[in-house]
Amino acid sequence: MTAPPFIQVNRLSQSFDGETRVLQNINLSVPAGAFVTLVGPSGAGKSTLLRLIAGLLTPTSGQVLVAGQPPHLAGDPIGIVFQQHNLMPWRTVYDNVRLPLELKGLSRAESEARVLELLALVGLHGFAQNYPAQLSGGMAQRVALARALAHQPALLLLDEPFGALDALTRERMGQELLRIWHARVWHAHPITVFMVTHSIPEAVFLADEVIVMSELPGRIINHVPVALPRPRTVEMQAAPEFQAYVTRVRASIEARLHL
Amino acid sequence: MFAPLRSQPVWVIIPVSLLLFLLGWHFFVSLGGYDRFILPGPLDVVRQFNLVIQDGRLLRHTWITVSEILPGLFIGLLVATPLGYLLAKSPLAERLISPYLIASQAIPVIAIAPLLTIWVQSVYWSRVLVAVLVVFFPILVNVVAGMRAVPSELYDLMRALRATSWQVFRKLELPSALPIVLAGLRVGATLSVIGALVGEFVQPKSQGLGFLLVTARYQFKTDLVFVVLITLAIIALTLYGAVILLEKRLLRWQSKS
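These protein sequence lines are chains G and R, in that order. Residues 1 to 259 in our numbering are what the first sequence spells out, letter by letter. Residues 1 to 257 in our numbering are what the second sequence spells out, letter by letter.
Hints were generated in silico from the structure; no laboratory data involved. Check each hint, because a few of them may be wrong.
Below, simulated DSBU-like cross-link-like pairs (lysine-lysine); rule was C-alpha separation at most 30 Å, straight line [claimed, not checked]:
(1) R/205 x R/221
(2) G/104 x R/89
(3) R/89 x R/248
(4) R/256 x G/104
Isolated chain G, as found in the complex (with noise of 0.2 Å):
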């Protein structure tokens, strides 16, 4: 017996203008719960896709089903992150990971408890006052997490959320996503993440699937079940099975483009 996917994409395709041609007859498919990132050349649609499942366009063609229901219906709003944090700079650090429940209409009192835990989780109680220009650009980007879960979203919608860090802030903030993923599930609210990321170690890293994707126009090409045992630690990525995932999943991309 099989759960229902969370998220469901049917002979998606997706043009602009009617005429370039984004995406083309996408099929997938995402239990609830899971961890998938997506990884492709620049210019594969991989952001087009992500938008269409948020709800953000409509598909030219095909559907788009998140919890059973297209995305722009389904009652629960999505939490998403972008590759610039899209910090609001006339709020502090505390109202920024508030919009989301603010927007839902609780009041301050109401959603200071879970805006507390939350900066906690991200490691930023003590800049709840700061203002987003003051924090460097990893500070910033853990902000737009803690925003991203506010509002208890069964959806995170990741678009290259780290791809504007240095590598080392990167990994730390891709292993604290890890953890925050745990602890949502542990919680019995099973969090389901969308990630779409450049770099192919960290997609590998982080997911139970990775998707690969072509570009002009966009299709996926393969999918990379990971089997390694959770919860990953840094030091799994200099295992040899971790190794065989990314070449798997890098060969896929190269063939592509030598072809």
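Position chain R relative to chain G; hints supplied.
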């Protein structure tokens, strides 16, 4: 000894520069031997200031002019802001309306003002209307610019969070556009003084600083002309300062970066 001028605080710099200016003015007039009705010295102007304050004329005319400036600025803001919002949100409205708006700006307000006095019978309201016209455009342009500068990624974020249009306006567009709108208000505030004065020139009916200026000029009371000009400058500076204070209050986050 004295620290270099550059490192002095503003409250030292401004009085010093003012004093130097007045001294320069005084010696220019006294050494040049100019007639008082050609170029009065600072002392003549101070004497005249004293006179018109004592007989209550300055205050009366200033009050009249200020009571035209403030509604002019306020109504201008009230009309320009929603219209600017509409233009920024609706490409159709922009294409329909903006050619007329731009054309209207090609005609100097001093040329339209006489028409307004024909259409608007009330002396007071015709003057306010001229102020509105002058204030309107810079505020409108900045509202449009402010709205255009709202980052599209933040719109995406708000949509992903299923925000209502009211929430998008209240929590994103308003705070995001505010700095640029306030910059427009700053320009509008100083222009509103010019607007009210132009209105008074066209309708110089026995009241207002514009009336005082025109009569002073006809009577060759050049020192009184100076008094009026300085008063106008003070009004403009006060309005400008008020907007700056408003900015400091509303945009506290900007000083923290």
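Which constraints among the numbered hints does this structure fail? Numbers only, ascending. Checked against the structure, no hint fails, so every one of them is satisfied.
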